[in-house]
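The hints should help you fit chain B onto chain A, whose structure is shown.
2 protein chains.
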Amino acid sequence: MSAEPLGPVLVVGAGLLGTSIGLALRRTGVDVALSDISEENLRIASGLGAANLTAAQLTAARLVVVAVPPDHLATEVVRALREHPGVVTDVGSVKAEPLAAVHAQVDTAELSRYVGSHPMAGSERSGPFAASAALFDGRPWAVAAHPDADPAAVQTVAALARACGATPVMLTPQEHDAAVARTSHLPHLLAALVAGRLADAPAEHLTLSGQGVRDVTRVAAGDPALWRQIVAANATALSELLREVRADVDTLLAALAAGDRDAVTTLLDRGVAGTAVIPGKHGGPTRPETSVYVAVPDHPGELARLLADAGEIGVNIEDLRIDHDPGRPVGLVELLVAADAVDHLLSSLADRGWTAHR
Amino acid sequence: MSAEPLGPVLVVGAGLLGTSIGLALRRTGVDVALSDISEENLRIASGLGAANLTAAQLTAARLVVVAVPPDHLATEVVRALREHPGVVTDVGSVKAEPLAAVHAQVDTAELSRYVGSHPMAGSERSGPFAASAALFDGRPWAVAAHPDADPAAVQTVAALARACGATPVMLTPQEHDAAVARTSHLPHLLAALVAGRLADAPAEHLTLSGQGVRDVTRVAAGDPALWRQIVAANATALSELLREVRADVDTLLAALAAGDRDAVTTLLDRGVAGTAVIPGKHGGPTRPETSVYVAVPDHPGELARLLADAGEIGVNIEDLRIDHDPGRPVGLVELLVAADAVDHLLSSLADRGWTAHR
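Residue numbers (UniProt numbering), protein chains in the order written: chain A, 1 to 358; chain B, 1 to 358.
These aren't lab readings, by the way, just hints derived from the structure by calculation. Keep in mind it's a predicted model, so treat the numbers as computed, not measured. For every residue, glycine included, the Cβ atom is placed at its ideal position computed from N, Cα and C. A portion of the hints provided could be inaccurate.
In silico contact screen, one side only, chain A against chain B (beta carbon under 8 Å); selected entries [to be verified]: (1) Gly-15; (2) Val-245; (3) Arg-246; (4) Leu-268; (5) Ser-347.
Bound conformation, chain A alone (with noise of 0.2 Å):
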């Protein structure tokens, strides 16, 4: 970690992750200026406090945060390197192709003082007015450094994260974009196709949706124009994805029409594999947990006072999901616990009254 001062920073860009980091940076006392070309994101991310300085006031940046659309991100790297003397970054979704280009328009010593990164965090929404200085913490925050980064350029863009709260991860651009293209792009195209299948489909079938259809399709509700500018700038890693889909399809397919059930239960197996390898909570193994199903009335303080319940059962709850249900006003609530917890909490809710059950 740097012991050097973080600040003063500019943030280029007062939308959603820019007014964010202002707000996260102003919380530790960071000196904060702000840039944006709306004068009105501008105003409102200073309104929110997002900021203590003017960009005039701060002509020699120690970090320089680029938080623009990714189709202007090489350009205001460029610039940022060209303005400032510290230390550049940016927090866009991709990063290899935004080094490329940025490499192909400045000199080496230049170079060095850019190191990209991406925090995991963002919102359906988007604009300085749903910013939060909160946005970042607990989130992971990859910090992309290329061969020709300065290292401790590298650590000021690690110490930024901490300071918003988040926890660095140490990727080279190439893998972050393979990182990302498996973790984040795949998996929003693919529900993209899975929802658009539903876009067309007689109203009476979708009353047979349950919570599986909406978890797969959920991030498809993202913004299409920020979202085509992510799979176009991580074109390569993506594509070698979806030409495996394709493959897989075209297995599926085959096997639907041979009647192939083995072929089928490859491609599930591995499903089952893939869901097993995603890093449990906080990061850590993932450890065995068991949902129990809690029937809940559906009105205010009915979840509380089940949550109280548990609290008070001593059972701590690791996720939790609220099922939508058709034509009446109970809830089934899901809750995710420790598999050596369940049968102490079923007997615990039931001694309270709940209908509960694995």
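What follows is chain B alone, placed relative to chain A:
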């Protein structure tokens, strides 16, 4: 609704669904007998209270519910039609193929007494120990009447659904299969393909996994031995959708290679439209909901305290998600609330000392 009494009911198959149906019917006082090729399943289910008669005592069931794996469905339905004078239903995930198989083996009078059905409920666990009288509470239960079905038999199966706490949804077998291919089987297969891409990813890449990929892949953890049967039995409807997906994947690959962003946007827009048509809670139209994120210390009681505060504030929580975060013991809880309640909730939570943002 039938004015006739529902029982005595014979449930064939003492697994998760059969045992849960027995428990749900016994809860309302209906006489139930159970049968299973496994003596152990039968003993467990009976011990749980899922039956009050033996199968030997029940020679003339008013209703037979066949709850066996997909591969054995048609055989057991035909046997039930031959051995009992009453209505016969099944609870399998696919309806057209078993109907055709039954049709080929019985006469018109026997066929008129068969009405397939499908409760939209289950668990990642299986077997009688996972059963619960509450499994179907508030769930849709598809009743798939064919043209030769006796209307009284259809009413009997709808009455079964209601007796088990579910809401009957009337669809033809073909409509049912097309509906679940879209809302359940295709999402499952594509979730498995996304998860399959994670199976051989380097572990450090997976540290960037966020809530999105967890949601998209959750269902892929389901039992391949069951899903291979479901997929095979609904091969026709599923293959049609898989061909549409393959065409979309080809469109994406061509668009990424050509830098054609408009083609990507068209598919993303369709995905957004698809997420908007999934019915809202309680089967009603979707209403605008907004996410509020709250930082919550990760130990028993804190979540309860948050929800107790939300209850006192008077805001109903429509849905709730606990984010898994690496490296720190603070959870991020996402509350979904009606859009017009957000400002009031945020300011009231802040008053009570919570760190919350949109």
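Verification of the hints:
| no. | hint | verdict |
| --- | --- | --- |
| 1 | Gly-15 | violated, 14 Å |
| 2 | Val-245 | holds, 5 Å |
| 3 | Arg-246 | holds, 5 Å |
| 4 | Leu-268 | holds, 4 Å |
| 5 | Ser-347 | violated, 14 Å |
When the structure is compared with the earlier hints, violations turn up for hints 1, 5 and for no others.
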